[in-house]
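K.L.:
Numbering of the sequence shown is given in numbering that gives the first Met the number 0, commencing with residue 0 and proceeding in unit increments.
A couple of the hints might just be wrong.
[To be verified] Using 30 Å as the maximum straight-line C-alpha spacing, the simulated DSS-like pairs for lysine-lysine come out as follows:
(1) 538 with 211
(2) 515 with 805
(3) 538 with 586
(4) 586 with 515
[Said to hold, decoys possible] Label-pair ranges, simulated between beta-carbon atoms:
(5) 445 with 480: 41 to 51 Å
(6) 139 with 442: 39 to 49 Å
(7) 554 with 530: 46 to 56 Å
(8) 71 with 213: 14 to 24 Å
(9) 886 with 169: 39 to 49 Å
(10) 367 with 325: 27 to 37 Å
(11) 554 with 213: 40 to 50 Å
(12) 445 with 384: 29 to 39 Å
(13) 552 with 81: 48 to 58 Å
(14) 381 with 108: 54 to 64 Å
(15) 171 with 381: 20 to 30 Å
Just so you know, the hints here were simulated from the structure itself, not pulled from any lab data. Every value quoted in this text rests on a predicted model; they were computed, and no experiment measured them. No residue lacks a Cβ here, since even glycine has one placed at the ideal position from N, Cα and C.
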Amino acid sequence: MPERIVVSFRGTAALSQPDSTDAVVPWPGRRGATRAPGPPSRHRGAPRAPRREARGEESYLARALALKKRAEALGATLCAWSAQTFSFEFSPEDIEEAVLLAALAAEDASVHPDARFAVGIAQGEMTYVGEAGRFTALSWGQPLLVAVMLARIALPGDVLLDPALQAVLSGELMTLGIHRGVDGARRVRGLRLDAQQPLRRQVAESVARLCKPPLSGRDGELAALAVPPGSLALVRAEPGAGGSRLLLELLRALAPSRSLFVAPIGASREPFGALRRALVRAAPRTEKGRAPALPDRLTPPLARLIAGEGVEPWSAAEVIAAWLAPEGARSGLIAVDDAVEVDAASLEAIAIALEMGGLRAVVRLGRAEPLPAPLTALTPAATVALGPLSAAGAQDLVRRFLDGCIDEAGARRWAARAPPSPLALRELICEALESGALRWIGRSVAPRRRSAGRGRPARTMTGAELAAPHASRAIEGRLRLLPIGHRTVLTALATLGGDASESAIEALCDGTGAPKVTAVQAALLGAGWAFRPEPGWLKLSSRTLRDALLAAVPPGERSAWHLAAARVVEDHAGVLGLADAAFHAAKAGDRSSAADLAGRAARAAGDALLESSAAELLAFADEQETAREHRLDGAPDSTSSQPPTYRTPIEVVGDAPDPQRATAASEPAGADALRAAADSSARRRGSTMPAESGGARAGGLRASRPGGSAPAFPDETPADFPDVPSLDEDFPLDDASGDPLAKTSESPVLSMNDIAVRLAELAKQALVQGDVRTLERLVGELRRTGEHQALAERMSGLISLGRGAKEEALRRFRIAAEADASPSHRARALLAYGVALAATGRAEGALLEALSALARAREAEDRHGEQACAQFLARLAAASGHEEAARTWAQVARLAGAASPS
0 MPERIVVSFR GTAALSQPDS TDAVVPWPGR RGATRAPGPP SRHRGAPRAP RREARGEESY
60 LARALALKKR AEALGATLCA WSAQTFSFEF SPEDIEEAVL LAALAAEDAS VHPDARFAVG
120 IAQGEMTYVG EAGRFTALSW GQPLLVAVML ARIALPGDVL LDPALQAVLS GELMTLGIHR
180 GVDGARRVRG LRLDAQQPLR RQVAESVARL CKPPLSGRDG ELAALAVPPG SLALVRAEPG
240 AGGSRLLLEL LRALAPSRSL FVAPIGASRE PFGALRRALV RAAPRTEKGR APALPDRLTP
300 PLARLIAGEG VEPWSAAEVI AAWLAPEGAR SGLIAVDDAV EVDAASLEAI AIALEMGGLR
360 AVVRLGRAEP LPAPLTALTP AATVALGPLS AAGAQDLVRR FLDGCIDEAG ARRWAARAPP
420 SPLALRELIC EALESGALRW IGRSVAPRRR SAGRGRPART MTGAELAAPH ASRAIEGRLR
480 LLPIGHRTVL TALATLGGDA SESAIEALCD GTGAPKVTAV QAALLGAGWA FRPEPGWLKL
540 SSRTLRDALL AAVPPGERSA WHLAAARVVE DHAGVLGLAD AAFHAAKAGD RSSAADLAGR
600 AARAAGDALL ESSAAELLAF ADEQETAREH RLDGAPDSTS SQPPTYRTPI EVVGDAPDPQ
660 RATAASEPAG ADALRAAADS SARRRGSTMP AESGGARAGG LRASRPGGSA PAFPDETPAD
720 FPDVPSLDED FPLDDASGDP LAKTSESPVL SMNDIAVRLA ELAKQALVQG DVRTLERLVG
780 ELRRTGEHQA LAERMSGLIS LGRGAKEEAL RRFRIAAEAD ASPSHRARAL LAYGVALAAT
840 GRAEGALLEA LSALARAREA EDRHGEQACA QFLARLAAAS GHEEAARTWA QVARLAGAAS
900 PS
């Protein structure tokens, strides 16, 4: 019988006529003896009611039958019962329904707290015994024993979870600590479920309740920035200190006739890119909801600016001046955020418009950042510096973030945990809510555990950590909790500069296995990861978040991201936007494409009389062409973005039971998997594999244009093989006592370290022999031991792939690839995931995962791993028609094999 989730309930049933039998006597001693007082109620404020009232108005049987109907409605089956315990079983996919049933019974408000059900939940294989009705299928197994023991030691109203429950290991369920007890002669322990917020999904939704408090305590700064027309004011603030918020508040407080909010866009290489986006977004925000009426002579320059074709700087300045023309006593205002990242052409046009008079400008810079060159001719009329928050200000901000739902002591505790900046405080609170350290229920916010939030962060930091923005550590903690699909979408947005259209993000994510942007945008917006600057666009909430996302991309994956971004920008941007595409191509090491794209952008800039921009782009194109020629001549490329070469051993599937390399029996499995994926890939040509470009001579692969067809592989079902000897015959699992639970005195969850190694070896042998049925049994036993979980996930993925369940297989391979492990084990998991993606027709995703595996292999310094990855990349390139790239990867594989230790 397949794995099942067992939920056991224990209630309190009383004899209706206790004096009618001599088999039951009052406790302790003979009949008529007075019973000793029971332990005090665990529930605070529980009324001291008679036992009859404590049992509630409904009898035990009536409540049990009502719970049975509710369980049947959720798809459960009654599998066992006794006088005071009964159990239901669910399929593993129905974990949420199982937890919901347990939580509803434990939190039943109509029942006295001391009379509520105690619940235990476990998971594993069950043996079918027989049917006793439509919704009753009697069964027995290890999970039933564990769940019943957990229910016996649980207090009324508590739900105890088996620590080996898959949903616990994956972090899907929220717990409140460990509860230990004794059941008979065994010591048992379980994790207490948070019955009010049992699912991590519910916890993550609490972040959407965070408030956006009004700006306070900055009246002096706002007054100082109210400079006269024709003047420039500076705001000096470090990332996360509230500089962007101050600019937005200034636009509201000064109530200008019209305003422009200019911020970096893309890679900030496109001339007039920032100004173009600001003009597009400013039209709907005007008082009449449309662009202001401009003189007829400025209509064509405005159209060219918005189309991304560019105009001469003086014409752009005239458009700005006309757009922000004074109305009565009100003058226009232009705010420039992160000015050091704004393109020079936009800043030059703003400087010329200021000299024309009639408008004001406020520019935000870091505390030590110099004024950009186009603005150096202007003398700032005022400069405001934003410093850190005071201790009282930080506590007040924490309370306002949480809508006043946290007490003063809690606000003081959490304010002391973060650096004194608004962004750091907000990200720390978000991390605490998402990780479960803080629990927000109704109008109360409190620590989930008494130790949460206590103490101070470690003060020993590296130089990089000290130099990083204050909110970086909290953001990195939140990213670790984010699902891989959501994180991939955010990484794509960060690669595009942190501000991009949904269509461009979709195109960049194509082939990575990430969900559609429309499917995840509600979650990303609700959690504060991004916001909508205009319809159809997403923008990251902060520059600090963008930098953290880019820093989290492994070095081996960065070139692939930039290669794909170069093609996406080329397809979605105007002719001047090719400058951004050239930047991405250069970061990926595709010098030929970078030179070509920069040359095309330079010609467009020259046609628009943008002489300085054209000169910079031509110099960049010449630099890339020169670097390409040097590399083709064999000279080292010191500016290449490729990571240094490290080496690691790698097998496609299977972890060695010890830190040494896996046995020879497991090696053919990896080679066979590579060969099968490559042979299957050779049968198709309409792949989404990145198209070859000029940089392919150096081994680079160019990302394909969106819209390419990607027919799936035909399903491959493994042939039947003779059955191997039974596991029970060759390797009995029971010990001499016949009681598996006796193997541990700490928990009913078995600890089978002594057999896990043997199970792993048998599973690898079954994989080599192609015996899927035996492999499935062995993987099930391996999961029960709790050892080699990454290996079990990969084996389960191969089983699903062999049976044609492609999505399930990819899910399992992805889980294995995301698990924390050593570089060598991580490389195996990543390469196995890449092979699975290739086998299901997702060549772009296979390329990204294989490159990641290669980076991990090199990090561990073993040439066998590099050889395996390079062989797979060669086959992948050859199957998609990229013969030159295939030869390059084959040469890499040969060099790695020749240098491998014997």
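K.L.:
All the hints need checking, so say for each whether the structure fits it.
P.N.:
Going down the list of hints, with the structure as the test:
For the proposed pair residue 538 and residue 211, the alpha carbon gap of about 17 Å is at most 30 Å, so the pair holds. The straight-line distance between the Cα atoms of residue 515 and residue 805 is roughly 19 Å, inside the 30 Å bound, and the hint therefore holds. For the proposed pair residue 538 and residue 586, the alpha carbon gap of about 22 Å is at most 30 Å, so the pair holds. With a C-alpha separation of about 26 Å, the suggested pairing of residue 586 with residue 515 holds against the 30 Å cut-off.
Residue 445 and residue 480 have their C-beta atoms about 20 Å apart, which leaves the hinted 41 to 51 Å range violated. One distance hint, 39 to 49 Å for the beta-carbon pair residue 139 and residue 442, holds here, with the actual separation near 46 Å. Taken as a hint, the range 46 to 56 Å is violated for the pair residue 554 and residue 530, whose Cβ atoms sit roughly 30 Å apart. About 51 Å separates the C-beta atoms of residue 71 and residue 213, a value inconsistent with the hinted range of 14 to 24 Å.
Checked against the hint of 39 to 49 Å, the pair residue 886 and residue 169 passes, with Cβ atoms roughly 42 Å apart. In this structure the supplied range 27 to 37 Å holds for residue 367 paired with residue 325, their Cβ-Cβ distance being about 35 Å. Roughly 43 Å separates the CB atoms of residue 554 and residue 213, a value that falls within the hinted 40 to 50 Å. Distance hint check: the CB atoms of residue 445 and residue 384 are about 37 Å apart, consistent with the given range 29 to 39 Å.
As the Cβ distance of residue 552 to residue 81 is approximately 55 Å, the hint placing it in 48 to 58 Å holds. Evaluation of the 54 to 64 Å hint for residue 381 and residue 108 yields a pass: the beta carbon distance comes to about 60 Å. Remark: the range hint 20 to 30 Å for residue 171 to residue 381 is contradicted by a beta-carbon distance near 53 Å.
Against the hints set out earlier in the document, violations occur for numbers 5, 7, 8, 15.
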